[in-house]
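Protein chains in written order, with the numbering used here: chain A, 8 to 237; chain B, 609 to 852.
Simulated from the structure, these hints should not be mistaken for laboratory data. What you were told as hints is all true, and nothing was included just to trick you.
In silico lysine-lysine, PhoX-like type, Cα no more than 25 Å apart, as pairs:
| id | chain 1 | residue 1 | chain 2 | residue 2 |
| --- | --- | --- | --- | --- |
| 1 | A | Lys222 | A | Lys121 |
| 2 | B | Lys793 | A | Lys121 |
| 3 | B | Lys793 | A | Lys222 |
| 4 | B | Lys696 | A | Lys72 |
| 5 | A | Lys179 | A | Lys121 |
| 6 | A | Lys70 | B | Lys696 |
| 7 | B | Lys793 | A | Lys179 |
| 8 | A | Lys222 | A | Lys179 |
| 9 | B | Lys696 | A | Lys74 |
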Amino acid sequence: MEIRPRSVLLTAALLAAVLLSGCSWFRRGGQSAAPAPVVAEEPQGEPSIVEPQVTRRDVHTPKVKAKDFELGAYFGALAIQDFGTNPLYGVRAAYHVSEDIFFEAFLARSEAGKSSLEDVFPGITVVGSSGRQFTYYDLDVGYNVLPGEIFLGRGRAFNSALYVTVGIGDVKFANQDQFALNFGVGERLLITDWLAAHIDVRDHVFESDLFGVTKNVHNVEATLGLSVFF
Amino acid sequence: MLRLLARVLLLQAFLAVSVHAAAENLQLVVSEPYLEMHSGPGRGYPVIYVIGRDEVVTVLYSRTDWYKVRAPRGQEGWARREELALTKLASGEPAPIPPYPDFASHRWEVGAGYGVYNRQNLVTAYADFSFTDSLDIEAVIQQALGTLDNRYVASIGIRHTMIPEWKWFSPTVGIGTAYQHISEKVPPAPLEDNNQLAYVSVGARGFITRRFMWRFDWRAYVVFNNLNVNEELEEWKFGLAVFF
Numbered sequence: 008m009e010i011r012p013r014s015v016l017l018t019a020a021l022l023a024a025v026l027l028s029g030c031s032w033f034r035r036g037g038q039s040a041a042p043a044p045v046v047a048e049e050p051q052g053e054p055s056i057v058e059p060q061v062t063r064r065d066v067h068t069p070k071v072k073a074k075d076f077e078l079g080a081y082f083g084a085l086a087i088q089d090f091g092t093n094p095l096y097g098v099r100a101a102y103h104v105s106e107d108i109f110f111e112a113f114l115a116r117s118e119a120g121k122s123s124l125e126d127v128f129p130g131i132t133v134v135g136s137s138g139r140q141f142t143y144y145d146l147d148v149g150y151n152v153l154p155g156e157i158f159l160g161r162g163r164a165f166n167s168a169l170y171v172t173v174g175i176g177d178v179k180f181a182n183q184d185q186f187a188l189n190f191g192v193g194e195r196l197l198i199t200d201w202l203a204a205h206i207d208v209r210d211h212v213f214e215s216d217l218f219g220v221t222k223n224v225h226n227v228e229a230t231l232g233l234s235v236f237f
Numbered sequence: 609m610l611r612l613l614a615r616v617l618l619l620q621a622f623l624a625v626s627v628h629a630a631a632e633n634l635q636l637v638v639s640e641p642y643l644e645m646h647s648g649p650g651r652g653y654p655v656i657y658v659i660g661r662d663e664v665v666t667v668l669y670s671r672t673d674w675y676k677v678r679a680p681r682g683q684e685g686w687a688r689r690e691e692l693a694l695t696k697l698a699s700g701e702p703a704p705i706p707p708y709p710d711f712a713s714h715r716w717e718v719g720a721g722y723g724v725y726n727r728q729n730l731v732t733a734y735a736d737f738s739f740t741d742s743l744d745i746e747a748v749i750q751q752a753l754g755t756l757d758n759r760y761v762a763s764i765g766i767r768h769t770m771i772p773e774w775k776w777f778s779p780t781v782g783i784g785t786a787y788q789h790i791s792e793k794v795p796p797a798p799l800e801d802n803n804q805l806a807y808v809s810v811g812a813r814g815f816i817t818r819r820f821m822w823r824f825d826w827r828a829y830v831v832f833n834n835l836n837v838n839e840e841l842e843e844w845k846f847g848l849a850v851f852f
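Let the hints inform the model, and build the full structure from the sequences given.
Here it is, written out as structure tokens:
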């Protein structure tokens, strides 16, 4: 019976040795061999096991369109000094820089009538028939002096502005290009936010020597126009 | 039956279009206590409606510093840029309302002005692109209207802005080449009516307000010709411009 506890002790020691052999405790001396990293290699060409099923939301913020440009046409009457009052047709383009300031460009054409001299003396020709065309372009800067609203009855209000413009340009009359200054005043009435009606009065001043003396001639136009903002 | 079908189809098409249109507009959430809507795009127009906090405002388009907006219940009006910029996207990010372009580092300039070229009245228009804050390329077309002749001048050149950070007044220098066409008004005809030119320029630029600026330029031209004497021309001009 003396052997039994010894054999139990031995068995326990053996078991402990076997069990603990996996622990690093026994390997303290021989650390040099580091454990090889476990690499789970995926076979190439095969899809990965977990595929993300997330549909990405395409976040795009819409752009706000700037409607600062204005394009339109106008017609009216142009009083060419010494040559009577005649119909005028033109186009305009504008760019609104701020609520006060805008740039404007005009291109228009009219046809001069007979001067009073030619009426009195039918034999005299001051300007030949090819030179009777009155064409101008202008580059202007404008200022909205009196912005406001115009009321039509009880239920309707239209935005409007009284503006002044000043600019320079070229007037071609009697086959000659002349440097011309222009001054204008006008009213813009917005029928809708994108459609505007204009009433303008503008004076084109340039130097002329058609009648022998050099003088400043004033050519006043009164026009009605429509324009579109875009 | 056919008519009914046509109506249904029409209605569907209309709905599709309107839904599409609604989806294309920018929608913002008011994050300040309220957003004011004015009756017109200007500082004097009265406030006609107010959109409360956390409500969605639809932005339709802009005109100068004002944005045409629609309230959740369909009312439309104009909101000021500075106020609309305080709203947020649905994701919580700040609203994509761009600030004014910085004058010192703007890219584009388009302008027009008056000047004197060879003692003739000058109408001038130009466009300018900035490579860096101080180095620009500019293209100019101009018409000089004199008593003896009219001249059409096109030029292209580079311009250096000395100190772009100076807002109200900053000197510039430039160099470039030009082409002029002379059309005679009074005889005799010019000896040469098409010439190439070269120029050097000294000028200045400055900020006025928002996107608005001024330019001044003085140029000395040399006209390349086949005559015995080199012709030299002088030009100055003042212009107003918009920058982007």
